[in-house]
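Novice: Sequence:
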Amino acid sequence: MRHRVGHRKLGRITPHRMALLRNLATALFERERIRTTLMKAKELRPYAERLITLARREDDRLHARRLAARELQDRTVMKKLFDDLGARFAARPGGYTRILRLGPRRGDGAEMAIVELLGSEYKPEKKGDEKGKKGAAPAAGKGEGEGAEKPSGKAAAGKGGAAKGAGPKTSSKKKAEKAEPEP
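Under the numbering used here, read the sequence shown as residues 2 to 184, first letter to last.
There's no promise every hint is true.
What the hints assert, rightly or not - Restraint-style ranges between C-beta atoms, simulated for each label pair:
hint	residue 1	residue 2	range
1	D75	S121	13 to 21 Å
2	G12	A70	42 to 50 Å
3	R107	E31	23 to 31 Å
4	E112	H17	32 to 40 Å
5	L103	I14	23 to 31 Å
What the hints assert, rightly or not - Cut-off 25 Å, straight-line C-alpha distance, at most; resulting in silico cross-link-like pairs (SDA-like, lysine to any residue):
hint	residue 1	residue 2
6	K128	A70
7	K80	S121
8	K41	P94
9	K10	R102
10	K80	L119
11	K80	R32
12	K128	R106
13	K81	P105
14	K41	R23
15	K41	L11
16	K81	A70
17	K41	V6
18	K41	P105
19	K81	K10
20	K80	R99
21	K81	R106
22	K80	R67
23	K43	D60
24	K128	I35
25	K41	L103
26	K10	L103
27	K43	L63
28	K10	T38
29	K80	R36
30	K43	K128
31	K80	G95
32	K81	I14
33	K41	E31
34	K81	L101
35	K81	R71
36	K43	D61
37	K81	K128
38	K81	R62
It is worth saying that the hints were derived from the structure and are not from the lab. In this text, a Cβ means the ideal position worked out from N, Cα and C, and glycines have one as well.
Go ahead and model the full structure; you've got the sequences and the hints to work with.
Specialist: As C-alpha cells, this is what we get:
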C-alpha cells in the first residue's frame with residue numbers, strides 16, 4: 002500500500018530526480034509548453050506551480066527570488082518567471098498549468114503528455130514547409146551523379162555475397178526504365 006507517499010521516484014536517485022525536475026521546470030518556463038511522459042508531467046506540476054506562486058509574491062520579492070534561484074539556474078528564465086509569468090498569474094489563486102494526454106510513445110509504450118502554462122500563446126510549427134525544404138536539397142544532390150558513380154564494394158569486386166542489388170534479376174528493359182526519368 003502506498004499510504005502517505007509524497008512523490009514518485011521516477012526510477013532515479015534523489016539528486017538525479019531533483020535535477021530532472023529543475024530542467025523540466027526551466028524548459029516549461031522558457032517555452033511555456035513541453036512534451037514529456039505523463040508521470041514526469043504529474044511530478045512537474047506541483048513543482049512548477051510552487052515556483053509560480055513564489056513569483057506572485059509582492060511582500061518580499063528579494064527573498065522569493067533567492068528561493069527560486071535555488072531551483073532555476075538560468076537567469077533569463079528567472080527574469081521571465083518573475084516579470085512576465087508572475088504578473089500573468091497575479092489574479093489566479095493556483096492551477097497555472099494544464100496536462101494534456103497524448104497516448105503511448107511508439108518505442109516503449111510510455112504514456113506521453115504535454116504540460117503547458119495557461120494563457121500561453123502556442124504557435125505550432127508548419128511541418129509542410131520544413132519537409133519541402135529538406136526534401137528538395139538531397140534529391141537535387143543525388144541527381145548529379147554522386148550516388149550513381151559509387152559501386153558497392155562486393156558487387157564491383159565480382160566476389161560472391163550479398164550486395165545491394167543481389168536479389169531476383171531484372172530484365173534490361175526494367176533497368177532502362179529506372180535509369181531514365183519521365184519528362
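Novice: Given the hint that K81 pairs with L101, test it: the Cα-Cα distance must not exceed 25 Å.
Specialist: holds, 24 Å
Novice: When you check the alpha-carbon spacing of K81 and K10, does it fall within 25 Å?
Specialist: violated, 29 Å
Novice: Measuring from beta carbon to beta carbon, are R107 and E31 in 23 to 31 Å?
Specialist: holds, 26 Å
Novice: Keeping to a limit of 25 Å between CA atoms, is the pair of K10 and T38 held or broken?
Specialist: Judged against 25 Å, a Cα distance of about 14 Å means the pair holds.
Novice: Do the alpha carbons of K81 and P105 lie within 25 Å of each other, as the hint requires?
Specialist: The hint is violated at about 32 Å.
Novice: K80 and G95: Cα distance at most 25 Å?
Specialist: holds, 20 Å
Novice: Given the hint that K80 pairs with R32, test it: the Cα-Cα distance must not exceed 25 Å.
Specialist: holds, 14 Å
Novice: If you draw a straight line from the CA of K81 to the CA of R106, is it 25 Å or shorter?
Specialist: Violated, at roughly 31 Å.
Novice: Please verify whether K80 and R67 have alpha carbons no more than 25 Å apart.
Specialist: Given pair K80, R67 holds - Cα atoms ~12 Å apart, limit 25 Å.
Novice: Is the straight-line distance between the alpha-carbon of K80 and that of R36 25 Å or less?
Specialist: Holds. K80 to R36 sits at ~23 Å (cutoff 25 Å).
Novice: Mind checking the alpha carbons of K81 and R62 for me, to see if they're no more than 25 Å apart?
Specialist: holds, 14 Å
Novice: Is the hinted pair K81 and A70 satisfied, with a Cα-Cα distance of at most 25 Å?
Specialist: Satisfied, since the Cα-Cα distance of roughly 13 Å is no more than 25 Å.
When held up to the earlier numbered hints, the structure conflicts with 2, 4, 6, 13, 19, 21, 23, 27, 30, 32, 36 and 37 and fits the remainder.
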